[in-house]
Amino acid sequence: MSDATTTVEELRQIVRQFVDERDWRQFHAPKNVSMALAVEAAELMEHFQWLDVDASRKLPEDAEKLAAIGEELADVIGYSFALANELGIDVSDAIRNKMVKNRLKYPAEEFRGRYRRDG
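Note that the working numbering has the sequence shown beginning at 1, numbered continuously upward.
Worth flagging that the hints you see were computed from the coordinates, not collected in a lab.
Accuracy of the hints is not assured; some may be wrong.
Okay, derived cross-link-like pairs now, BS3-like style, lysine-lysine, Cα gap no bigger than 30 Å in a straight line [to be verified]:
1. LYS101 x LYS31
2. LYS31 x LYS105
3. LYS98 x LYS31
Required output: the full structure, derived from the provided sequences and hints.
What follows is the structure, encoded as structure tokens:
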């Protein structure tokens, strides 16, 4: 299966089934899942710590490192889906709505090729 053929709902179901099979919903209070998500995000960041921009862009050339990064990214996304499952957030709607806000906040004609931090 690939991104092109797998739906968000299918991935959410995979996470939901994994959690349910282990009776882990009792531990999946949104607070706990959000904290686990932060921990996994930190583990993902470790793979990039001390690398310069060019070295980080070359990571796809190292299959072993890329696989390890993929595992951490899967943990981050998996916990994101677990949090969405716990809170009943529609991920597709949340992303679409956020992108509408981002487009208003960062108009392409003003931000193309550069980044400016507001306030």
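Exercise for the section: Hints the structure violates: just list their numbers, smallest first. Expected result: Violated: none.
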